Amino acid sequence: MRPERDTIIQFTHRPSAHCENGVTSNLLNFYLIDLSEPLVFGIGSGIFFSYMPFIKLNYLPVISFRPLPGWIFKRVNNRLGMKIKRKKFASPKKAMDALDANLERGIPTGCLVGVYHLTYFPRSYRFHFNAHNIIVFGRENDKYLVSDPVMEKPERLSYEDLKRVRYAKGTYPPIGRMYWVESKPEHFDLKKAIVKGIRKTSQDMLHIPVPLFGIKGIRYLSRRMRKWPHKFGPEKASLYLGQAIRMLEEIGTGGAGFRFIYAAFLQEAAGILEMDWLNELSDEMTAAGDRWRQFAIMAGRIFKNRANNEETYETAANILMDIAEREERIFRRLKKISLSE
Amino acid sequence: MKKNEVPQDDDGLMEGKLKDLCYAVDENGKYVQVYSTGWEPKNAAMKQAWEEIDKKVRKTLRKVQEGRLSPVAFYMEKNIMNITLLAQYVDLPKRKVRKHLKPDVFSRLKPSILERYASTFDISVEELCNIKKMDKQL
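One line per chain: the protein sequences are H and P, in this order.
Each step along the first sequence adds one to the number in my numbering, with nothing skipped, and position 279 is 279.
Each step along the second sequence adds one to the number in my numbering, with nothing skipped, and position 19 is 19.
In short, the hints are calculated from the structure, not lab data.
As the structure is a prediction and not an experimental result, all values here were calculated from the model.
Note that the Cβ used here is the ideal one computed from N, Cα and C, for glycine as well.
Check each hint, because a few of them may be wrong.
Claimed, not checked - Just the calculated beta-carbon pair ranges, DEER-fashion:
1) I131/P to T7/H: 45 to 53 Å
2) P93/P to I175/H: 18 to 26 Å
3) I123/P to E280/H: 34 to 42 Å
4) G12/P to L57/H: 33 to 41 Å
5) R14/H to I131/P: 45 to 53 Å
6) I175/H to E126/P: 41 to 49 Å
7) K153/H to I123/P: 27 to 35 Å
8) Q10/H to N28/P: 29 to 37 Å
9) V62/H to G12/P: 40 to 48 Å
10) R98/P to M52/H: 24 to 32 Å
11) E186/H to S112/P: 16 to 24 Å
12) I175/H to I123/P: 24 to 32 Å
Unchecked claim - Beyond 12 Å from chain P on every Cβ pair, some chain H residues (computed):
13) G81
14) R123
15) V195
16) L248
Stated by the list, open to error - Chain H regions said to be covered by chain P (calculated; three or more residues, Cβ under 8 Å):
17) 13 to 22
18) 38 to 52
19) 105 to 112
Can you make the complete structure from the sequences, with help from the hints?
Next comes the structure, spelled out in structure tokens:
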């Protein structure tokens, strides 16, 4: 039997650009660890790049500006020493019962959901994407109270609707996955966590020995982009460009494929670590972000005006080369960060 | 990006339900959160993606009307699904779903199976089988 009375946990909903940052930041905040979205993003080494032309999503190549879903959350909690309990359920009913039980015990609970059936989302944003995160923090008049970080205010979902999104099908189905904080550490070292996050990011952006990732990935995309119009013809090439823009500016990147959130993080880190040189790098990261936006504007012009595009694909690819250059400089300096300077 | 440069190109795509939270630099060089109602290149890219889907849906609709495919094919495209995904939602093997795309096989389907398809597509069984009114679903 489902309990019928209302339960509402005093949970502060703070909107964020990206769902995983937001869920992590809001959950930590509930346990009195107040970290902003950029801090969570930086500590979780959230910035990344990969271009994997042989993996297709809706017939288009994967271009991603972030690590795999779930990694930011995992890294932040590891680096701060939070204990997280994760569970998935074969039976939807059991998954909902377990959620109810958590709410009764006053535990705000994160759920992995698919966005296709998420009723409060605008129609044009509902694709079959299964790595969205929300926090359920209560039940009132038979509706679940949901803190979805990309929404301005808390939303409500019925039992059936919540069950449905928790059991969305397709690539990486959530299978009712939920997670919550089991215990928090007595003390944690924020400075150390920040440095660790920065080091991991620099490592991944500079030194993964496969040319698809990090700075090498950006250069790879640039080289391939020059060939798109000859290789695929104008129609398909323009679809590829559209894909690049969507991934760059998709809901939750905070603009320019997370580059601005990362610049905000570097600025905050400069204050916490008392390292002024991070402010300089923050400015440079902002400039790199601005270049990404110029790339998007250029790409947008190309696929709207299909007539003489051969030259413009080159220009767009040149911007990417410049971005790779800039970001390489930034991460080479960031790599050297150390607490004992 | 400066605070006053955060684009506000509302194109109705977010239906007023959603705003994009962006990070931008204020007058003092400090990062702040600013809401954006949309950005032109992104809006164009989103529209492009939906036009592609729309093209496929219309093509499939024609084939259904010509009796070459069953309504399942139409609603599958309309819900941006492929056979693999649809098979998972209706909990049937892929080869069966593939057969159900044929009009003659579809017309002999049991009510219980039709019900599964209808609830997956969020419509009634009646709507699912009514080819004449299907273009209203576009």
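Hints, verified against the model:
1. I131/P to T7/H: 45 to 53 Å: holds, 47 Å
2. P93/P to I175/H: 18 to 26 Å: Holds: the Cβ-Cβ distance is about 20 Å, inside 18 to 26 Å.
3. I123/P to E280/H: 34 to 42 Å: Since the Cβ atoms of I123/P and E280/H sit about 58 Å apart, the hinted range of 34 to 42 Å is violated.
4. G12/P to L57/H: 33 to 41 Å: Violated - the Cβ-Cβ distance for G12/P and L57/H, about 25 Å, lies outside 33 to 41 Å.
5. R14/H to I131/P: 45 to 53 Å: holds, 49 Å
6. I175/H to E126/P: 41 to 49 Å: violated, 32 Å
7. K153/H to I123/P: 27 to 35 Å: At roughly 30 Å between Cβ atoms, I123/P and K153/H fall inside 27 to 35 Å, so the hint holds.
8. Q10/H to N28/P: 29 to 37 Å: 34 Å Cβ-Cβ, so the 29 to 37 Å window holds.
9. V62/H to G12/P: 40 to 48 Å: The hinted range 40 to 48 Å is violated for V62/H and G12/P, with Cβ atoms some 28 Å apart.
10. R98/P to M52/H: 24 to 32 Å: holds, 28 Å
11. E186/H to S112/P: 16 to 24 Å: violated, 57 Å
12. I175/H to I123/P: 24 to 32 Å: holds, 26 Å
13. G81: holds, 27 Å
14. R123: Violated, because the least Cβ-Cβ distance between R123/H and chain P comes to about 7 Å, which does not exceed 12 Å.
15. V195: holds, 20 Å
16. L248: The assertion about L248/H is violated, with a minimum of 8 Å to chain P.
17. 13 to 22: holds (count 3)
18. 38 to 52: violated (count 1)
19. 105 to 112: Violated: only 0 residues of the region 105 to 112 of chain H have a Cβ under 8 Å from chain P.
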